[in-house]
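A.B. asks: Letter by letter, the chains look like this.
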Amino acid sequence: MRGEAIAISNTEEIPGRQVRELHGLVSGSTVRAKHIGRDIMAGLKNLVGGELKGYTELLQEARQEALERMLEQARGAGANAVVNVRFQTSSVAQGAAELFAYGTAVTVE
Amino acid sequence: MDGPEPFDSLAWLRLLLPFALLALGFAIGKVIESAHFRSLRRREIHWRRVQVSTLSLPPQDWRVVRAGLVDGSVVISIDHWKRMVAGLRALFGGRIRSYESLLERARREAVLRMKESAHARGFHGIVGARLETARLASTSRDGKGTAGIEILAFGTGIEAAR
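Read top to bottom, the protein sequences are chains D and E. When we follow this note's numbering, the leftmost residue of the first sequence carries the number 705, and every step to the right adds one. When we follow this note's numbering, the leftmost residue of the second sequence carries the number 1032, and every step to the right adds one.
These are computed hints drawn from the structure, not numbers from a lab. Quick caveat, the model's predicted, so the values are computed rather than measured. There could be a bad hint or two in this list.
[What the hints assert, rightly or not] The list that follows gives simulated cross-link-like pairs (lysine to aspartate or glutamate, EDC-like), each with its CA atoms no further than 20 Å apart:
1. E:K1061 x D:E755
2. E:K1061 x E:E1147
3. D:K757 x E:E1190
4. D:K757 x D:E725
5. D:K757 x E:E1135
6. D:K757 x E:E1147
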């Protein structure tokens, strides 16, 4: 979760800073498919249980991407912070997942 | 007379394979699970000073220097044996312990990873913590079963001057 230029928080305000201006809802999303190599590994891992590392990484990357797109929108709106950020993951089709991030763009002092 | 012999051994193999996979899942799954619980306990003690709260404001006595989003996530799957046990369980209803332990492991792991990443970025505590659960679609063609469950923990890391 880089992009330090814009402060991100999932609370209603950035702790320690005052909200000055509201820019409205910003969001970003990406749909990712698992690739075949990872699928085969995950299939094997499914046998014995435990963490599916390939998928964990894949979803982390995708979430990062969704977050980046949200930040881009916030930048475009002239905000310097995004508050009340939420994430949503849904498997839209077989082998594909959507990662969605949304929040409220604001200007903090 | 000795013609069908190779075919027969193949049939045996086909009959035994599901049981072999169940046994494999049971044995290795158990080893992995107990190793994971041991690691969870150890790391939870290690990170106990990184406090996590679901409230949106830090305690009054914290002088906030910096805040930022932190997260931790894990995709986890159940073993073959437990999946079958859970399937049997569904016939009678009641608690499905095998799934409970899976979800417990995943949540504790996700929270720990969130704490670890918060610490790595210089935060002392986390406020506004949330947990999300998502089921990933199965890779099998019939769409049955579960490829994995993702648990995401996220919150706002707080660097405090105390």
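A.B. asks: Run through the hints listed earlier and report the numbers of any the structure violates, in increasing order.
C.D. replies: 2, 3 and 4
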